[in-house]
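*Asks:* Going line by line, the protein sequences match chains W and B.
Numbering-wise (the numbering used here), the first sequence opens with residue 4 and increments by one.
Numbering-wise (the numbering used here), the second sequence opens with residue 12 and increments by one.
You may find that some hints are simply not true.
Derived SDA-like pairs: lysine to any residue, alpha-carbon spacing no greater than 25 Å straight-line [said to hold, decoys possible]:
#1 W:Lys-233 with B:Gly-105
#2 B:Lys-157 with W:Leu-272
#3 W:Lys-16 with W:Pro-66
#4 W:Lys-154 with W:Asp-9
#5 B:Lys-174 with B:Lys-186
#6 W:Lys-270 with B:His-245
#7 B:Lys-174 with W:Leu-293
#8 W:Lys-312 with B:Asp-92
#9 W:Lys-123 with B:His-245
#10 B:Lys-114 with B:Pro-91
#11 W:Lys-233 with B:Gly-189
#12 B:Lys-211 with W:Arg-296
#13 W:Lys-270 with B:Ala-241
#14 W:Lys-270 with B:Arg-225
#15 W:Lys-123 with B:Ala-205
#16 B:Lys-202 with W:Gln-297
#17 W:Lys-123 with B:Trp-229
#18 W:Lys-275 with B:Ala-205
#19 W:Lys-194 with W:Arg-153
#20 W:Lys-185 with B:His-245
#21 B:Lys-174 with W:Glu-83
#22 W:Lys-123 with B:Gly-230
#23 B:Lys-157 with W:Lys-16
#24 B:Lys-202 with W:Ala-295
#25 W:Lys-270 with B:Lys-249
#26 B:Lys-249 with W:Asp-115
The hints are simulated quantities; they were obtained by calculation from the structure and are not laboratory data.
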Amino acid sequence: MMDTDDRKERYRKVAYYPGCALEGTGHAYNRSTKAVGKALGLELDEVPNWNCCGAMEVKNVDPKVQTYLSSRVMAIAASEMHADVVMAPCNGCYHNLKKAEYDLAHDAASRDTVAAISAKAGHATYEAGQVETIHALDWIMHGVGEDELRKRVSNSLRGLKIANYYGCMYTRPRHIFPEKDKGPGSDSTLKPHFMDDLLEAAGAVNVDFPLKTACCGGAHTLSDSDLSTKLVLNILRAAEAAGADVIATECPTCHSGLEMHQVRAEKVLGEKTTVKMLYFTQLLGIALGLSARQVGVQENVSDGLEPLKARGIA
Amino acid sequence: MPIHEKSLIRPEQIRYHDKLVMDGIDVSGHWSLFVEPRVVTDYNEKLQDEIAALPGGERIHRCWQCGSCTNSCTVNAVNPDFNPRFWIYLIRMGMESELLRDKEIIWQCVSCNKCTYACPRDVFPEGVMKATAHWLELKGHTPQSKSSMFDAEFTEQVVATGKIEEGRIIRGFFKRSGQPLAQPWLIEMAKRLARHLPLKMGFLMGIAAIVRPRTRGWGRARGALEDYIAGQEHARRKALGLDEPGSARAHGAAKAASGAEG
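Start from the sequences, fold in the hints, and give me the full structure.
*Replies:* See the structure below:
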């Protein structure tokens, strides 16, 4: 890493944007992210009175409404919290804040629309560059790092075999992630590796998993369930073929999509798969000595305790 | 755009004979295959402009038909009829009737953005797919897709309260799309979740189902968003020539007219 890198300092305390999913189906991700932050001495300051980022659905109705919704979250972080880093663990939120940042920096029409709606709504207009949006992976990778993490592991993952699944929104489209693909110290949009690196530092073995950035069909998880089930089944089967005990996730939509369609594939297609899903923060928390309950393993649908127990980790 | 797409040949227009001898030469099977010509007379010269007027479609004119989008497409791998490159070709050629042959599947794009990643011309094919799906609905060629129903349910909740609650979205979507909520696989999922879920979590989830989460002081944002969305919808209808000035019934009339053409 570069000598001029001040991220270790800047990421120590960040504005936290959990988003709607982390208050619902992704609750275990919320719980484990907070627990891991605490265990690693990183501080989270939740954005007060935040709103939904717009997810994929609002973008489909009108992209600029999504830009406004995401900009409002960043506006609060910048003007009320005086924060310069916003951390969003959900891929959808992370993606949307990054996309809003890009559009506001490059598109005058987006700037005008956001300024007009913000003025009517009665709050400060967000201006590109006021905050840096990061993912939970960036937060731990740059705020702590692999070496430091390795030193803090008290309950090694003991060779637990993991397929790391990043999904779509963490890397695509690449133009909204200017900090990626910058060589050593940055993540790759073609083959992301931050989650692999962190879990390896925690004692896991990463299997050679070809579908790291495949799509789980999350956009149509209910509106075109048959397609989503097929796509998820591909991912589950590929992970099993690669020898994985666990698929590590870093997105609540991917995670619940994999869990839901694993059940649906079994019920509707008679296709049973046994690989389990755990958030990467749950795995890191356990490696840092937290209990399965403290990182919300029992809040998952798939029984993540089973592979952990099998290796004597939990 | 010189790529000759096999899909332009309709199966019913392919002719060949298992046994055929012409001038003493055996031309049985493939050797006698020919395609009966047809004449396309209903070019819509405005088609590209109409798609470009909708969000996501703005950059369609940049396409040079390399096929990277289709080659990288998640849905194409599952259903070969899902072909973004071909649809962009048809739109740019104004071949509306050919495009309409695939109208039932265009909305199935999963927005994985592999096409946007692969596209060397920054066409943003994902946006073009969304614009095309909107166009089909606005013109009355297709009813509202389940995906659009989901989007509408979600957006209405966000605009109303600033936040969404997933249970409420799921219930609203199933109601809107006329599906029973009691899907066997959803029930199985709830059962598996309940097996380990601590009581406290179950209680909190029950509360979320009753008390709607909302962003404090959202009222003014809601008003601003409703005004903006209504304005945009009006502008889009106008761009597609769907609104007669001063006619509130223009929507129904346009729908009937496009139905008659189709």
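*Asks:* If a hint holds in the structure, say so; if it does not, say that too.
*Replies:* Quick rundown of the hints versus the structure:
Distance check on the hinted pair: Lys-233 (chain W) and Gly-105 (chain B) sit about 34 Å apart at the alpha-carbon level, beyond 25 Å; violated. This hinted pair checks out: Lys-157 (chain B) and Leu-272 (chain W) have alpha carbons roughly 22 Å apart, not beyond 25 Å. Between Lys-16 (chain W) and Pro-66 (chain W) the alpha-carbon distance is near 31 Å, which puts this suggested pair outside the 25 Å criterion. Simply put, Lys-154 (chain W) and Asp-9 (chain W) have alpha-carbon atoms about 21 Å apart, close enough for the 25 Å limit, and the pair holds.
The suggested pairing of Lys-174 (chain B) with Lys-186 (chain B) holds, with an alpha-carbon distance near 20 Å, which does not exceed 25 Å. This hinted pair does not check out: Lys-270 (chain W) and His-245 (chain B) have alpha carbons roughly 44 Å apart, beyond 25 Å. Under the criterion of a C-alpha separation no larger than 25 Å, the hint pairing Lys-174 (chain B) with Leu-293 (chain W) is inconsistent with the structure, at around 31 Å. Using a Cα cut-off of 25 Å, the hinted pair Lys-312 (chain W) and Asp-92 (chain B) is violated, with the two alpha carbons roughly 46 Å apart.
For the suggested pair Lys-123 (chain W) and His-245 (chain B), the alpha carbons sit about 20 Å apart, so the restraint of at most 25 Å is met. With a C-alpha separation of about 15 Å, the suggested pairing of Lys-114 (chain B) with Pro-91 (chain B) holds against the 25 Å cut-off. Taken as a hint, the Lys-233 (chain W) and Gly-189 (chain B) pair is honoured in the structure, with Cα atoms around 23 Å apart against an allowance of 25 Å. Pair hint Lys-211 (chain B) plus Arg-296 (chain W) holds up; C-alpha atoms about 12 Å apart against a cutoff of 25 Å.
This hinted pair does not check out: Lys-270 (chain W) and Ala-241 (chain B) have alpha carbons roughly 42 Å apart, beyond 25 Å. Distance restraint check for Lys-270 (chain W) and Arg-225 (chain B): the Cα-Cα separation of roughly 35 Å exceeds the 25 Å cut-off, and the hinted pair is therefore not satisfied. Pair hint Lys-123 (chain W) plus Ala-205 (chain B) does not hold up; C-alpha atoms about 44 Å apart against a cutoff of 25 Å. The suggested pairing of Lys-202 (chain B) with Gln-297 (chain W) holds, with an alpha-carbon distance near 22 Å, which does not exceed 25 Å.
For the given pair, Lys-123 (chain W) sits about 11 Å from Trp-229 (chain B) by alpha-carbon distance, which is consistent with the 25 Å threshold. Between Lys-275 (chain W) and Ala-205 (chain B) the CA atoms are separated by roughly 20 Å; this keeps the pair inside 25 Å, and the hint holds. With a C-alpha separation of about 23 Å, the suggested pair Lys-194 (chain W) and Arg-153 (chain W) falls inside the 25 Å cut-off, and the hint holds. Between Lys-185 (chain W) and His-245 (chain B) the CA atoms are separated by roughly 43 Å; this puts the pair beyond 25 Å, and the hint is violated.
Annotation: proposed proximity of Lys-174 (chain B) to Glu-83 (chain W) holds, straight-line Cα distance about 20 Å (limit 25 Å). A distance of roughly 10 Å separates the Cα atoms of Lys-123 (chain W) and Gly-230 (chain B); the hinted pair therefore holds under the 25 Å criterion. For the hint pairing Lys-157 (chain B) with Lys-16 (chain W), the CA-to-CA distance comes to about 42 Å; that exceeds 25 Å, so the pair is violated. Proximity of Lys-202 (chain B) to Ala-295 (chain W) is assessed by CA-CA distance (about 20 Å); at most 25 Å being required, the pair is judged to hold.
For the proposed pair Lys-270 (chain W) and Lys-249 (chain B), the alpha carbon gap of about 47 Å is over 25 Å, so the pair is violated. Note on Lys-249 (chain B) and Asp-115 (chain W): the hinted pairing holds, with a Cα-Cα distance of about 21 Å set against a maximum of 25 Å.
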